[in-house]
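J.: Here's the letter readout for the chains.
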Amino acid sequence: MVAPSGLISLALALALAPMMPSIINRTKALFAGRHGQPWLQPYRELWKLLHKGAVYSHTTTPVFFTGPIVGCAAMLVGLLFVPLAGTHPLISFPGDFLLVAYLLGLARFFTVSAALDTGSSFEGMGASREVFFSALAEPALLLALATLAALSGQLSLADIFARIDAGVLASGAGPALLLAAAAMMVVFLAENARIPVDDPNTHLELTMIHEVMVLDHSGPDLAAIQYAACLKMWILGSLLVSVLLPVRSGWLLADLGAGILGLGLLAVATGVVESVMARLRLVRVPQFLIAASILSIVALVLVVR
Amino acid sequence: MSNWLDAVLVLLMLTSLWLLGSSRLQACIRAVALQGALLGLIPLLSKWPDISLRLGAVAVVSMVIKAVVLPALLRRAVREVNVRNEVEPLVGFTTSLLLGIALWGIATHIAGRLPVDVPGLSPLLVPVAIFTVLCGFLLIVSRNTAVMQVIGYLGLENGIYVFGWAFAIEEPLLVEMGVLLDVFVAVFVMGITIHHLSREFDSIETDELASLKD
Chain A
1 MVAPSGLISL
11 ALALALAPMM
21 PSIINRTKAL
31 FAGRHGQPWL
41 QPYRELWKLL
51 HKGAVYSHTT
61 TPVFFTGPIV
71 GCAAMLVGLL
81 FVPLAGTHPL
91 ISFPGDFLLV
101 AYLLGLARFF
111 TVSAALDTGS
121 SFEGMGASRE
131 VFFSALAEPA
141 LLLALATLAA
151 LSGQLSLADI
161 FARIDAGVLA
171 SGAGPALLLA
181 AAAMMVVFLA
191 ENARIPVDDP
201 NTHLELTMIH
211 EVMVLDHSGP
221 DLAAIQYAAC
231 LKMWILGSLL
241 VSVLLPVRSG
251 WLLADLGAGI
261 LGLGLLAVAT
271 GVVESVMARL
281 RLVRVPQFLI
291 AASILSIVAL
301 VLVVR
Chain B
306 MSNWLDAVLV
316 LLMLTSLWLL
326 GSSRLQACIR
336 AVALQGALLG
346 LIPLLSKWPD
356 ISLRLGAVAV
366 VSMVIKAVVL
376 PALLRRAVRE
386 VNVRNEVEPL
396 VGFTTSLLLG
406 IALWGIATHI
416 AGRLPVDVPG
426 LSPLLVPVAI
436 FTVLCGFLLI
446 VSRNTAVMQV
456 IGYLGLENGI
466 YVFGWAFAIE
476 EPLLVEMGVL
486 LDVFVAVFVM
496 GITIHHLSRE
506 FDSIETDELA
516 SLKD
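Which chain is which? The protein sequence lines are A and B, in order.
The numbers in our numbering rise by one with no breaks, and the one at position 171 of the first sequence is 171.
Add 305 to the 1-based position in the second sequence for our numbering, that's all there is to it.
All clues given are correct.
Derived coverage of chain B by chain A (criterion: at least 3 residues anywhere in the stretch with Cβ under 8 angstroms from a Cβ of chain A; other residues may be distant):
#: 1; region: 310 to 323
#: 2; region: 394 to 407
#: 3; region: 426 to 432
Listed next, the stretches of chain A that the computed footprint assigns to chain B, with coverage defined by at least 3 CB atoms under 8 angstroms from CB atoms of chain B:
#: 4; region: 285 to 292
#: 5; region: 297 to 303
Treat the hints as calculated values from the structure; they're not laboratory data.
A quick note: this is a predicted structure, and the numbers were derived from the prediction, not measured.
Glycine included, every Cβ here is placed at the ideal spot set by N, Cα and C.
Looking at chain A on its own, in the form it has when it is part of the complex (with noise of 0.2 angstroms):
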């Protein structure tokens, strides 16, 4: 089945993807009295970074080749699924934000398997690094998902973001919405490599989780793997915005005009995160993340109970 408001918010989604990180960069240059980088300038690197060669080590496999289209072909098909404030998505059917939660988990295995495959000792400690705080977000994510499809009784993305509406926030299950989304906050800012988990700006290899894994990749790789990592955060995105922004007016393009702003408000919020806190220590973020995980299981005995 396909629905017109699918084919829009899909090309929204491409197209206003690498906008998220310009807005989170003006914030942080907001807040640290600077002018910051152009809007468009993510598109501008895109653009400069397909339009160069790329450079493979001769000690590297086609493992390291395949890691970043596989990342963004996951994206890309991750986001047909997921639907923005509501509207119907491309595809959907029962248990699909199964499918979601593990195309994440194969862009990561895909990206990690080529980080290993460079042999570079800072890239294995990137990815152990990756693999292991991912492995905490994941149940955080995957509870928090639960809970909504306990909340609204729908085992697919669109039917669960279409039921969770004022309503429903406004009824006996708010607080457990809200835990939800506080989880999903966690994991938003966990898995697309932000503060307090990780520091998208450092450059010393030591403390980088998912820079330091892609360090090796160039020219189209790199623009592939930078891409990826805006649908990434597009969809997780675009999961939360469903959750704290519940207009459903039926309308589509009030519909996807919330969501946006969702987005960018939420792009917002992050900004001001990583301009307020310091990264954790490493071995403060495991407990961190159990904490998400944590409010996630406890927003779903909540709904279940």
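Based on these hints, arrange chain B on the given structure of chain A.
T.: Structure of chain B alone, referenced to chain A:
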């Protein structure tokens, strides 16, 4: 108003988890103070909008004692005996949090089987009360310093207070005043005890106290 009551109860639960997961003594005292403030809101929200003068007075007095006086006493005790700000748990923070989740499961299970027959009662009240009590117990047995055990005791008492609202909602003054007096005396005595312990033995670590002979 039941929505706000539920939100307060959930916050109450989260402060218990905060107590379990926090590694700083000052943060724990802050959490217990927040818990006390939230407790004061429960009677007001569950009776809203017809709040009698007596009910309001009980709520305000309990809020002042639990959120201002007791934390101040605890802070004074901490300052006077110069304990370190680290909590030093016997059970790690992550394990404590996971145990806390297990306790939450147990609490909801018990609450589901407990025949509480009070009309208009929030379905969250009893599980949260049991959970707060269990977390207090867990803190008492799993933390090393006497100050943390007092905090655990306070958490335990807070849970009993919530439980009191489930049953004694008609006649709260008697029960609550009794409970408040109880806690007050307990913290007072514990404060003095901690003070004397540290003066006599240079430490308030219960492990070290256990190994003292004669």
